[in-house]
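Colleague: Sequence:
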Amino acid sequence: MPHRELPIPLSAPAAWPTEEPPAARVDWRDRTALATDLALIGTAVTVLALPLVTLPAALATGSAAVRGRYLDGHLPPWRRLFQIYRRAVLPGLATLLAAAALALDLAAVRGGWVPGGPPLLAVTTLAVIGLSGVAALALAHLGRTPDLPWREAARRPGNHPKCVAALALTNVVAFFLALAVPVTVPLVLGFHLFAIHMLTDRLTR
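Numbering (full-length UniProt numbering), first residue to last: 1 to 205.
The set of hints was computed from the structure by calculation and includes no laboratory data.
A couple of the hints might just be wrong.
Using C-beta positions, here's what the derived DEER-type ranges look like [to be verified]:
1. Ala-108 - Arg-29: 47 to 53 angstroms
2. Leu-203 - Phe-176: 19 to 25 angstroms
3. Pro-182 - Pro-51: 14 to 20 angstroms
4. Asp-30 - Asp-105: 41 to 47 angstroms
5. Arg-155 - Leu-71: 20 to 26 angstroms
6. Leu-93 - Asp-72: 26 to 32 angstroms
7. Arg-80 - Ala-108: 40 to 46 angstroms
8. Arg-110 - Arg-86: 34 to 40 angstroms
9. Asp-147 - Leu-179: 30 to 36 angstroms
10. Arg-29 - Leu-121: 19 to 25 angstroms
11. Leu-71 - Ala-127: 30 to 36 angstroms
12. Arg-80 - Arg-156: 18 to 24 angstroms
Cβ atoms here follow ideal geometry from the backbone N, Cα and C, with glycine treated the same way.
Based on the sequences and whatever the hints tell you, model everything.
Modeller: Structure below.
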């Protein structure tokens, strides 16, 4: 029988190695737009907080605005932010009363109205700074989920002590920056809310 040679299958040519497209770089225009939006948020929070009793509601609304800008690249609708502000006024009153009580306690210890002297003043100051970190983390949770009950937002920081400590330190820096140049308070507020969300995302994973 004549010998028939079977055709040798040709292997498919090796695919040319492909490289992943480079990650999009953020240019100066994006950074400028972000800085402008943060300044706008800080200014709005300052104006809304002028009656003082609306300070917690203004901060919660600013947190939601920063979160929307941080995730979506643009500010949330103003109608949505107004709804968040309106719902946060009453829960914020209890928070404001607690903050006022702490401020009075610190003033009493510092003024020597109660016994204890410098040791008690140091302990009270550290307690106030630590509670400011708790408040900052709760504020970040309210920005993430505006419909979250404030009591639930206040419970969650207990699971993230490192994040609370980092936020407390950030609060101290922001406080002294605003105290040194009071006219920069709106700018400090907007950028500080942004820093709170950045730190929270990194330290609560």
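Colleague: Now look at each hint and say whether the structure bears it out.
Modeller: Checked hints:
Here the CB-CB span from Ala-108 to Arg-29 is close to 51 angstroms, well matched to the stated 47 to 53 angstroms. Judged by the Cβ atoms, the range 19 to 25 angstroms given for Leu-203 and Phe-176 holds: they are separated by roughly 22 angstroms. Under the hint 14 to 20 angstroms, the C-beta atoms of Pro-182 and Pro-51, about 18 angstroms apart, fit the expected range. Distance hint check: the CB atoms of Asp-30 and Asp-105 are about 44 angstroms apart, consistent with the given range 41 to 47 angstroms.
Distance hint for Arg-155 and Leu-71: a CB-CB separation of about 24 angstroms, consistent with the stated range 20 to 26 angstroms. For the pair Leu-93 and Asp-72, the beta carbons lie near 30 angstroms from each other, so the given range of 26 to 32 angstroms is met. Taking 40 to 46 angstroms as the suggested C-beta distance range, the pair Arg-80 and Ala-108 conforms, at roughly 41 angstroms. Judged by the Cβ atoms, the range 34 to 40 angstroms given for Arg-110 and Arg-86 holds: they are separated by roughly 36 angstroms.
Range check, Asp-147 to Leu-179: about 34 angstroms between beta-carbon atoms, so the 30 to 36 angstroms window is met. Our hint of 19 to 25 angstroms for Arg-29 and Leu-121 is violated, since their Cβ atoms are close to 48 angstroms apart. Between Leu-71 and Ala-127 the C-beta distance comes to about 33 angstroms, which sits within the given range of 30 to 36 angstroms. Taken as a hint, the range 18 to 24 angstroms holds for the pair Arg-80 and Arg-156, whose Cβ atoms sit roughly 23 angstroms apart.
Going through the hint list in order, the structure does not satisfy hint 10, though it satisfies all others.
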